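Those sequence lines, one after another, are chains A and B. When the letters of the first sequence are read in order and numbered with numbering that gives the first Met the number 0, they come out as residues 0 to 437. When the letters of the second sequence are read in order and numbered with numbering that gives the first Met the number 0, they come out as residues 0 to 437.
Honestly, the hints are just simulated from the structure, not real lab data. Keep in mind that this is a model prediction, so the values were computed, not measured. Check each hint, because a few of them may be wrong.
Claimed, not checked - Here are some chain B residues pointing at chain A (derived, C-beta under 8 Å):
no., residue
1, Ala26
2, Phe151
3, Cys153
4, Leu157
5, Gly298
6, Phe305
7, Tyr307
8, Asp314
9, Ser318
10, Val325
11, Ile329
12, Pro336
13, Arg338
To be verified - Stretch-level coverage of chain A by chain B, calculated; a stretch enters the list once three of its residues show a Cβ under 8 Å from a Cβ in chain B:
no., region
14, 136-147
15, 301-309
Positions of the beta carbon are idealized from the N, C-alpha and C atoms, including for glycine.
Protein chains: 2
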Amino acid sequence: MFNFFRMGRIFVGMIGGGTVGGGVYQALCNNGGLITSRTGVEIILKQIAVKAFNEPRPVSIPESLMTTDWHNIINDPEIQIVVELMGGTGLAKEIILEALSRGKSVVTANKALLAAYGEEIFAAAEKNQVGLYYEASVAGGIPILRSIKEAFVCNRFLRICGIVNGTCNYILTQMNENQSDFETVLKEAQTKGYAEANASLDVDGHDAHHKITLLASLALNSWIKPDSIYIEGIRSVTLADLELSNKLGYSLKLLGSIENRGQDKSSAKIQASVSPTLIPLNHVLAKVNGVFNAVSVLGDVVGETFFYGRGAGQDATASAVVGDIVDAAINTSLKTPHRLPPMWLGAKVDLVAIKDITSRFYLRISGTSETAKDFQAILNKNNICVEQSKNLNSEGTIHFSVITQTLSRAKISLLLQEINKLSGLLNKPVAYPVEDFN
Amino acid sequence: MFNFFRMGRIFVGMIGGGTVGGGVYQALCNNGGLITSRTGVEIILKQIAVKAFNEPRPVSIPESLMTTDWHNIINDPEIQIVVELMGGTGLAKEIILEALSRGKSVVTANKALLAAYGEEIFAAAEKNQVGLYYEASVAGGIPILRSIKEAFVCNRFLRICGIVNGTCNYILTQMNENQSDFETVLKEAQTKGYAEANASLDVDGHDAHHKITLLASLALNSWIKPDSIYIEGIRSVTLADLELSNKLGYSLKLLGSIENRGQDKSSAKIQASVSPTLIPLNHVLAKVNGVFNAVSVLGDVVGETFFYGRGAGQDATASAVVGDIVDAAINTSLKTPHRLPPMWLGAKVDLVAIKDITSRFYLRISGTSETAKDFQAILNKNNICVEQSKNLNSEGTIHFSVITQTLSRAKISLLLQEINKLSGLLNKPVAYPVEDFN
Numbered sequence: 000m001f002n003f004f005r006m007g008r009i010f011v012g013m014i015g016g017g018t019v020g021g022g023v024y025q026a027l028c029n030n031g032g033l034i035t036s037r038t039g040v041e042i043i044l045k046q047i048a049v050k051a052f053n054e055p056r057p058v059s060i061p062e063s064l065m066t067t068d069w070h071n072i073i074n075d076p077e078i079q080i081v082v083e084l085m086g087g088t089g090l091a092k093e094i095i096l097e098a099l100s101r102g103k104s105v106v107t108a109n110k111a112l113l114a115a116y117g118e119e120i121f122a123a124a125e126k127n128q129v130g131l132y133y134e135a136s137v138a139g140g141i142p143i144l145r146s147i148k149e150a151f152v153c154n155r156f157l158r159i160c161g162i163v164n165g166t167c168n169y170i171l172t173q174m175n176e177n178q179s180d181f182e183t184v185l186k187e188a189q190t191k192g193y194a195e196a197n198a199s200l201d202v203d204g205h206d207a208h209h210k211i212t213l214l215a216s217l218a219l220n221s222w223i224k225p226d227s228i229y230i231e232g233i234r235s236v237t238l239a240d241l242e243l244s245n246k247l248g249y250s251l252k253l254l255g256s257i258e259n260r261g262q263d264k265s266s267a268k269i270q271a272s273v274s275p276t277l278i279p280l281n282h283v284l285a286k287v288n289g290v291f292n293a294v295s296v297l298g299d300v301v302g303e304t305f306f307y308g309r310g311a312g313q314d315a316t317a318s319a320v321v322g323d324i325v326d327a328a329i330n331t332s333l334k335t336p337h338r339l340p341p342m343w344l345g346a347k348v349d350l351v352a353i354k355d356i357t358s359r360f361y362l363r364i365s366g367t368s369e370t371a372k373d374f375q376a377i378l379n380k381n382n383i384c385v386e387q388s389k390n391l392n393s394e395g396t397i398h399f400s401v402i403t404q405t406l407s408r409a410k411i412s413l414l415l416q417e418i419n420k421l422s423g424l425l426n427k428p429v430a431y432p433v434e435d436f437n
Numbered sequence: 000m001f002n003f004f005r006m007g008r009i010f011v012g013m014i015g016g017g018t019v020g021g022g023v024y025q026a027l028c029n030n031g032g033l034i035t036s037r038t039g040v041e042i043i044l045k046q047i048a049v050k051a052f053n054e055p056r057p058v059s060i061p062e063s064l065m066t067t068d069w070h071n072i073i074n075d076p077e078i079q080i081v082v083e084l085m086g087g088t089g090l091a092k093e094i095i096l097e098a099l100s101r102g103k104s105v106v107t108a109n110k111a112l113l114a115a116y117g118e119e120i121f122a123a124a125e126k127n128q129v130g131l132y133y134e135a136s137v138a139g140g141i142p143i144l145r146s147i148k149e150a151f152v153c154n155r156f157l158r159i160c161g162i163v164n165g166t167c168n169y170i171l172t173q174m175n176e177n178q179s180d181f182e183t184v185l186k187e188a189q190t191k192g193y194a195e196a197n198a199s200l201d202v203d204g205h206d207a208h209h210k211i212t213l214l215a216s217l218a219l220n221s222w223i224k225p226d227s228i229y230i231e232g233i234r235s236v237t238l239a240d241l242e243l244s245n246k247l248g249y250s251l252k253l254l255g256s257i258e259n260r261g262q263d264k265s266s267a268k269i270q271a272s273v274s275p276t277l278i279p280l281n282h283v284l285a286k287v288n289g290v291f292n293a294v295s296v297l298g299d300v301v302g303e304t305f306f307y308g309r310g311a312g313q314d315a316t317a318s319a320v321v322g323d324i325v326d327a328a329i330n331t332s333l334k335t336p337h338r339l340p341p342m343w344l345g346a347k348v349d350l351v352a353i354k355d356i357t358s359r360f361y362l363r364i365s366g367t368s369e370t371a372k373d374f375q376a377i378l379n380k381n382n383i384c385v386e387q388s389k390n391l392n393s394e395g396t397i398h399f400s401v402i403t404q405t406l407s408r409a410k411i412s413l414l415l416q417e418i419n420k421l422s423g424l425l426n427k428p429v430a431y432p433v434e435d436f437n
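Okay, chain A solo, but in the shape it has when bound (with noise of 0.2 Å):
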């Protein structure tokens, strides 16, 4: 009944023949013919740039289709789309830049390189007049940036929020279930394969960082800076954190988010940031464990809507991945290359200085008994209304908690400063956000 193959071939190049890239291969060998008799287009791998043919690879590629040297792909006129997998902000953004200078779509997972130089990246894109896909970048499988940039096209974003960081929900998520401190489980962590050997990048916020940049430009129409993005990683959370937060009705998470606190339309008030944080046991984003990722994204017509999937990993990745060559190829081939932009990048939008984000705060100290008064003590005399309060007790320590009024980070600093000098202390006392969803 339909003219599938009104489209022919497009000619695909690959950067990267590594995890992602071999998941890629592989859903493409698997599953091309069925692309095919979805799209009407058939898309042809023709050559996959790698750093040496011998490397050990988790799924195994033909050498007939590998070469060294990525220049072979850049320079070969037949292929009109890049897939750029090889991650790092060096060679990669080198490469698509070359690739988009030469009217060749790209298509990218790199977070980190398109949250440092997305504006000059998705400036090239927009002069070359050719496409820049980047689905896979934010967790995962989940079809986020698509749904925000089409799907909720018509909608104003009054909040967006979600955990987009699977390594450190697994952490969080075992510390839970196995009543480990962090140290034990992200060694665990890292003997699995679950987290990376320099796991800074996870678990001090970085990579939720860069994927809150992305969703928080496209949500907001204009290129967010990275440094007015708060970001703590999970380094301090303590099991007493876990279990504190659980007794006070809510489940801790590492939750990156961009909210408009603003009142109404005229006096928007839009903080983001990424941090350990407080979320009501009966939001769905509090049921979310182990690696996964999930969002939730609240607009002024939909409502709120939230994703759920895999958030990292060979294959959710690949899917997303493809999913993206294939928009790519129909639009390459209906000679529409660029038929929607990267990113909205229009508007003017100041986000709230990072000292003036205001929440309200889960506030911890561990110490003895005499340390738990002069909290309290400290409390009292800056005016801080506790709204509630749990602690316990364990080997001689009092683990305390509060949870405040709404307060500035500027006032929960000078706040820490002041605890942080209690004799008694135990470990580092923490303040976090706790998100309400009102």
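With the hints as your guide, set chain B onto chain A.
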């Protein structure tokens, strides 16, 4: 930085000015400028066809925009996109086919029409090489069709199941929370406007059945005849069923599902149904309450993903309709109105016959202790392996439930015939499938 006005103006005509039509009008009034800044396309809602000018409307529409003759829209050569929101399967069909035959693209939320005449309507869109968009017809604000068609294009779908009727989910949630029976909650829901005066479309499963027909056809690349999908509504669900399900470790929901129960790729065994279904309490779908919709998609590449949001109502549906209008407008302005076929319909797929659908089943009878004994005797005689069982006693009645091994619907049907003859039954025995998400 971007050339936002590259696409110009696109004129749209709308048929229907009721709840959803009003929502679309309002969203375009409020956020039309935002859409233009994001996409470069200016959408002009030129005319709205209504039954009468002076009908009560949730959103007031200027009289200058209205017409009582839909031909004014179809005949207007400036209007390139027709949005059908009148509902029904009669005149709506005529208008859509007429619009398509004149080379206009169509946006609709009419699942009943598409389930009944989809094959003919999709073919007409193909023949005229225009677009047909229907995201709003399944799960309201949730971008599930777009995600299946585009983001997950490289996936074979192993299972798609969802809570796609908000009225049924609201009724079951209220029964559970207020310990009320079906009839009481239905009357309340009708008073509050959450259920139609004629509730059959919702509570007998027809609306969910329309949506599952569309999801199944998309997922399987083949037009699935509605009568090959099993359908059962929620009228027989009792409070005892909700409570017993919980005791057994499940939540009882009206679930639409499309599943491949074959052992491998070469032995596809696809079955589809709409039925009250037991869902494990720890699965995210079990937590979806009230009027919300949710869909879980299992793809062979992406793994399991999950979508949640408002399934109906003025604004969520309007968000989906406007998303489609924008898509249609971009494609129209780029002169690629038929960018994607409305549905993939190349494959030949046979669902397993309804009698051959297999599942583990929950069986429940309510009666005297004598009835329960006779029930067990029937199970024994028929070699039914009772994997779990729970009972409830209230006011001299015993509610007795079991979960069986995997059985066919043919076998269940025979069993129910026999069980129905038992003496002392308080109400109709039920058999609902158990979805284990294996």
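Status of the hints after comparison with the structure:
Nearest Cβ of chain A to the Cβ of Ala26 of chain B: about 5 Å, under the 8 Å cut. The hint holds. Given hint, Phe151 of chain B at the interface with chain A, holds; its Cβ is 6 Å from that chain's nearest Cβ, closer than 8 Å. A distance limit of 8 Å between C-beta atoms decides the matter here; for Cys153 of chain B the minimum to chain A is near 4 Å, and the interface restraint holds. For the restraint placing Leu157 of chain B at the interface with chain A, the shortest Cβ-Cβ distance is roughly 13 Å, beyond the 8 Å limit, so the hint is violated.
A hinted interface residue such as Gly298 of chain B counts as satisfied when its beta carbon comes closer than 8 Å to some beta carbon of chain A; here the least separation is about 7 Å, so the hint holds. Annotation: Phe305 of chain B was flagged as interfacial toward chain A, and the flag holds, the nearest CB pair being 4 Å apart, inside 8 Å. Evaluation of the Tyr307 of chain B hint against chain A yields a held restraint, the C-beta minimum of about 4 Å falling below 8 Å. Because the beta carbon of Asp314 of chain B sits about 5 Å from the nearest beta carbon in chain A, less than 8 Å, this interface hint is met.
Restraint check, Ser318 of chain B versus chain A: the minimum CB separation of about 4 Å is within 8 Å; hint holds. For Val325 of chain B, the interface hint holds, the least distance from its beta-carbon to any beta-carbon of chain A being 5 Å, beneath 8 Å. Interface hint status for Ile329 of chain B: upheld, as the beta-carbon distance to the closest one in chain A is roughly 7 Å, under 8 Å. Because the beta carbon of Pro336 of chain B sits about 11 Å from the nearest beta carbon in chain A, more than 8 Å, this interface hint is broken.
Among the interface hints, the one on Arg338 of chain B holds; its C-beta lies about 6 Å from the nearest C-beta in chain A, closer than the 8 Å criterion. Figure legend: the region 136-147 of chain A, annotated as covered by chain B; annotation consistent (5 residues with Cβ-Cβ distances under 8 Å, at least 3 required). Counting residues of the region 301-309 of chain A whose CB lies closer than 8 Å to any CB of chain B gives 9, which reaches the minimum of 3, so the coverage claim holds.
Violation of the numbered hints given earlier is confined to hints 4, 12; the remaining hints are satisfied by the structure.
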